[in-house]
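The listed protein sequences derive, respectively, from chains A and B.
As numbered in numbering that gives the first Met the number 0, residues 0 to 471 make up the first sequence, in order.
As numbered in numbering that gives the first Met the number 0, residues 0 to 198 make up the second sequence, in order.
Check each hint, because a few of them may be wrong.
What the hints assert, rightly or not - When the alpha-carbon atoms are kept at most 35 Å apart in a straight line, the in silico DSBU-like pairs for lysine-lysine are as follows:
(1) B:K192 x A:K19
(2) A:K167 x B:K146
(3) A:K368 x A:K396
(4) A:K19 x B:K146
(5) A:K338 x A:K399
(6) B:K141 x A:K94
(7) B:K60 x A:K167
Honestly, the hints are just simulated from the structure, not real lab data.
Single-letter residue listing:
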Amino acid sequence: MAEKPLTLAEKIWRDHLVVKGESGAPDLLYIDLHLVHEVTSPQAFDGLRLAGRQVRRPDLTIATEDHNTPTIDIDKPIADPTSRTQIEALRHNAKEFGIRIHSLGDIDQGIVHVVGPQLGLTMPGITVVCGDSHTSTHGAFGALAMGIGTSEVEHVLATQTLPLAPFKTMAINVEGTLREGVTAKDIILAVIAQIGTGGGQGYVLEYRGSAIRALSMEGRMTICNMSIEAGARAGMVAPDETTFAYLKSRPHAPTGNNWDEAVEYWKSLVTDEDAVFDKEVFLDASALDPFVTWGTNPGQGVSLNDVVPDPDSFSDPNERAAAIRALEYMDLKPGIKMKDIQVDTVFLGSCTNSRIEDLRAAAKIISGKKKADNIRMMVVPGSQKVRLQAEQEGLDKIFKDFGAEWRFAGCSMCLGMNPDQLAPGERAASTSNRNFEGRQGKGARTHLVSPLVAAATAIRGTLSAPADLGDN
Amino acid sequence: MEKFSVFSGVAVPLRRSNVDTDQIIPAVYLKRITKSGFEDALFASWRNDPEFVLNQPAFAKGQVLVAGPDFGTGSSREHAVWALRDYGFRVVLSPKFADIFRGNAGKQGLVTGQISEADAERLWVAIEANPGVEITVDLTTKVARLKDISVSFEIDEYTRWRLLEGLDDIALTLTHQLAIDEFEKRRPAWMPKTLPARN
Ligand code: SF4
């Protein structure tokens, strides 16, 4: 009998199965790469210590400081004592258990999901976990990448495996060519608006189609990153020549024969032609506009050319109730043009959009211009390496001349755990991934946007696309 | 994890439904970096109320919580389980648990037994008539006994087996040590390694 045709995700699962679960027990999967940061790991290390256990594979584990780190004055002691303690705990744990760590000030410090790919540690066909929901980012390489809880972090540290319940598969088919000014961020915001924030629950998403193939690795990362905002367990893109080219010269990429062997295997990592997905979704990329959110969950988004929707236009009573509450929180009225919404802060950063291409794209729009008077703009590179590269290209100067703040790497205003927060009632256009109530600061209002929209908005002072700039 | 088979401890009646994890442990305690020592955080805001059940001397040493339906809803914080456990609770009985809480509890050796609403009421009445009374929870037969009352409870079979064997997920996985060793031998050489560091 011929082998059953498999999807990409099922192939990776098959190749990582250590023990098949029997009579209701979950499958035990091997974990190839474990990324660690300061916020979800201290209790996991504490658990190891209490049980007298070691880290099984320090050589498959790497830590970086990102969630709770300052983005200014990084050479001074961290002012907030609780944050400082949390960072010091990670440093202490890394030392005690022999784990590689990239601390504040280190060239490879940065957001955990920027650092892994940058070092060439994220590869096709591997399993990646991290105590952070946006681990889905790494799926852009054709890896199976999942966010986990603190008990699971401890489990992976101790055993390098994880018991996992089976998943369902969903194909997200995006065909066609994106119009000028429309980006990966707009694709994923449109996908989430289409399937809803719970639409991906229990699924691993595979993004497919000509529009996905045409994207750079960084664009693919932006898309996979927000799979979690659709409720999915993971998101992925099959590896191709774009993937291999991106990886080739990275510090930890395989070399010599290993490279050839790897590429041969990676090429097999495509969904078999006659494999069946549990669900399929279709999206026409050529019809997309820049997309922005108006509400307080990432599914509440519209075209930038649209207006704030009327809650009565939602037939589902839960959605209607959510819309009413969201508009109240966001202080918006139905029918207002999205482009008439004035913002106070523009945040360019986060693991969704803080890589070099994001910074280049924004810098190109604002080059030689001045920011609107009502705007504060903060640019936070995803890693120190990204920051350095941007400086070598002169992008920092463009941002500073424009009137933006040029910061050190970290999660920053994405979650406002450090001092980078919005004031109550303040409105932001953010390239990050979550617009929940209070996410960027108590009472803060967030519109999720692409880097291009962020840049144009900073110039005009209201939500805008580069096309709206005319010749000003 | 300690084996759990039959356990007797002071029963605490918590006559509330929808006890979400924010109430079990408020967010302010999540900044801590330890996995133990959360006993002071359990029901922190309710404990400001002198009338709250755990503030009554007969219940202060509670170990079996009998709560209303929809226990453990809301945020997925594992700290909620840690706080119950650190305070001394070994069992929570409720007519309905939130999925995530139930999963987290099973990982930490806290038994979550699902009982009928009628049985919850019978237990509350009996406990309130005898403050400080002990309840015996038998995981082998899935029955809880308090004096002459006996109620049966539900718990999924896989979790029950793990608790009876005293296997936390890690200990359980370590029974597959050989399979893991074997798997590691088959891993291709091109797989990523973080050490030695290359920049
Ligand atoms: S940038 Fe934001 S979403 Fe990404 S890891 Fe940091 S806090 Fe999480």
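Status of each hint after checking the structure:
Between the alpha carbons of B:K192 and A:K19 the distance comes to roughly 26 Å, so the proposed pair stays at or under 35 Å and holds. Only pairs whose Cα atoms come within 35 Å are accepted, and A:K167 paired with B:K146 is rejected, the gap being roughly 48 Å. The straight-line distance between the Cα atoms of A:K368 and A:K396 is roughly 12 Å, inside the 35 Å bound, and the hint therefore holds. Between A:K19 and B:K146, the direct Cα distance comes to roughly 44 Å. Violation of the 35 Å bound is thereby established for this hinted pair.
This hinted pair checks out: A:K338 and A:K399 have alpha carbons roughly 25 Å apart, not beyond 35 Å. In summary, the hint linking B:K141 to A:K94 is not supported, as the alpha carbons are separated by about 45 Å, beyond the 35 Å threshold. A threshold of 35 Å between alpha carbons decides the hint, and for B:K60 with A:K167 the separation of about 45 Å lies outside it, so the pair is violated.
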